[in-house]
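Visitor: Sequence order for the protein chains is A and B. So in the working numbering, spot 155 of the first sequence is number 155, and the numbers just go up one at a time. So in the working numbering, spot 22 of the second sequence is number 22, and the numbers just go up one at a time.
Bear in mind the hints are in silico, worked out from the structure with no lab data behind them. Any given hint could turn out to be false.
A few chain A residues facing chain B, derived, Cβ under 7 Å [to be verified]: (1) 39; (2) 247; (3) 275.
We treat Cβ as the ideally placed atom computed from N, Cα and C, and that holds for glycine.
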Amino acid sequence: MTSMTKAIDKVRPATTARTRRWGRLALHAVVITMMIFWIVPTLGLFVNSFRPAADVSASGWWNALVPPWDFTLENYSHVIAANNLGDSFVNSLFITIPSTVIPVMVASFAAYAFAWMSFPFKNAIFVAIVGLLVIPLQSTLIPVLRLLAATGIAGQFLAVWLAHTAYGLPFAVYLLRNYMGGLPKEVFESAAIDGANPTTAFFRLALPMSVPVIASLAIFQFLFVWNDLLVSLIYIGPTNPDNLPMTVRVASLVSSLGGETHFLTAAAFLTMILPLFVFVLLQRYFVRGITGGAVKG
Amino acid sequence: MENDLITAAIVVIGVPAALVGYILLTERLIQLVPEKKQGLVRPWFWIAPAILFLVVFLIYPTLNTIVLSFLDGQSKNFVGLDNYLWFAGDSGTLEALRNSVLWVIFMTGGVVGLGLLIAVLVDRVRYESLAKSVIFVPLAISFVAAGVIWNFMYQYQDPSRPQTGTLNALIGIVGLGPTRFTQEQPLNNFALIFIGIWMWTGFAMVILSAGLKGISIELMEAARVDGATEWQVFRGIVLPLLMPTIFVVATTIVITALKSFDIVFTVTNGNFGTDVIAREMWQQMFTPPGNFGRASAVAIILLLAIIPFMALNIRRFREQEAIR
C-alpha cells in the first residue's frame, strides 16, 4: 500500500517522489528494526546453547557467528543426563495432554447446552461463568492445596489436571458457546425432525462443525499449561518432586546453577521446543482463536 | 517405566473415554424418563461437569480464601483485619504493591502502544505475515524461558572484561559503561516489565491487526481524497473505530500484569526492590512457617484489584449479547 505517501502527495505535490522514497525507507527501517529486536533475544539463547562453557562466560553469543566455529551438544547432554530434564519433559506431556483434553471436552458439553438447549437461569449461569474469567488463580491456591492434600491427590498429575481444567473452563466455555451459538439453526432442527436426539446431534453435527474453534482453544490451553509454573510449583512441588514439569525444573536450575549459566541455555531451549513447534505449525488456528474471541461483535 | 506406560495409557485413552462415556451414559438414563420431561433434565447433565469443576476449584476456594484472610497464620484464630493492616503497614508489601502498579501501567501501555504501532506499520509492507510471526513467537515461550533468555540479554560483566550480555555490549559500542539492569533501582523494574512487553506485544498486534482489517478502506480513501494527512486519518478514523478492540486488549493485559509472577520469580526472585503482589503471596505461603492468613489477604487484595475489570468485562459481554 502506498496510501501513506498518497496523502502527502496532495499536500505537497512538488516533493512527491523524494518524500515517498524516504517515507517507505523509514517504514521499512522501523519494521525491520522491531523484527530484529524481537528475534535477537531468542536467537542469542539458541546460539549460546551450542557453545562450550568457557566461551559462554568469556564472550557474547555473537562471537560464535564468525569462524573459527566451535559448537557442541555437551550442554544438552549434560542437562538431560544430570538434571533429569528428559524425565521432566515426559512429565510435562503427562500434565499438559489431559489438562488440555478435559477442559476442552467439558467446556464443549456445557457450551452445547448453553447454545442449543433451554433451561431456567441459562443466561444468568452463563454470565456468572464469564465473570469467573478474571478470578486470579492465586485466590484459590490455599484452599485447593488443602483440599488436594486432604484427599491425597496433591503431588500427583491428577491434582494439576483438575486444577488446570477449572482454571481453563471459563474462557473455554465462553469461546465455544459463542462459536456453537453461531452454527446454523436449520441443521439442528432437521436433525431433530429426523429423530436424532441431542446427544447424537452433538457428536455428529455440533462437534465436527466446531473443529476450527476447538483447535484454537486446544492450542491456547496447551501452551498455557505447558508454560505454567505456579500451578505445578504449588500443587505438585513440595510433595512429589519426581512429577515436576520442565518449567519448575528450569526455574529451580536458575537459582541452583548460579555460575553455570551455559547449562541453563540448553535447559531453557528444551522447554521451548515443543511449544514453538506446535505454534509454528498451527499458528493460523491460534490467531483465529484469539481474534475470534475479542474482535467479534 | 511400567508406571509411565500406565500413566500414558490413562492420559491418551482413559481420560477422553471417561468423558464421552459420561455423556453416553447420562443419555441412556435420560431415555428412562418420559419423553416430554427429557428436555428438562438433559441440560443439567451437560453443564454439570463444568459447574462441578468451577464450584470446587474456583468459587468455593475463593470464598474460603476470603474467610482465611481474617484468620491467623495457622487458620485457627480470628484476627479481624490484622492481615490487611499488616499489608497496609509493611514496607515490603507496599513496595510490591507499587511495583504491581508499575507493571499494570507500563506493561499495558507498552503492549498496547507497540502492538498498535506494529499493526499499523506491517499493514503497509509486503512481508507482513513474516513480520507478524516474528513478533508473535515470544507468546509461545514460557515466562520461565523468557526469564532465562533475558538474563542473557541483561547480563553484566565487570567493565574490565568483555561484556557477554547483548544489551551491555550494545551500549558499550556507543561508549556507555556496563549497567546492572536487573539490580539497579528503579531501572530493574522496567527491565523486568519489558520482558512482559516483549512477550505480549504479539498478542495485542494480532488482535489489533484483525480489527484494522475490518475498517473500511473506502472510508479512509475518502478522507485522503479530501486532503487528510495520514496522521489525521489515523486520529480521526482508525483510532476511534479500533477503540473497542483496544479496550479489550488493554483489559486482558491489565489482568495479566496484575497476576504476573513467573518473570519476577525467575529473574530476581523479588530481590533488589522488584517484588510484586503475586510473588509476595507465594512468599507468605511458603517461607517457613508459612502464614496462610497473610497470604490469603494478599490474594484477596489482588482479587479486589481485578474486580473492576471483571465488571467491565461483563458489561461489555452484555452489550455484545444485545447486538446479536
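Visitor: Confirm or reject each hint.
Guide: Verification of the hints:
A cut of 7 Å between beta carbons decides the hint on residue 39 of chain A: the least distance to chain B is about 5 Å, and the hint holds. Nearest Cβ of chain B to the Cβ of residue 247 of chain A: about 5 Å, under the 7 Å cut. The hint holds. With a least beta-carbon distance of about 4 Å to chain B, the hint placing residue 275 of chain A at the interface is held under the 7 Å criterion.
Violated hints are absent here; each numbered hint is respected by the structure.
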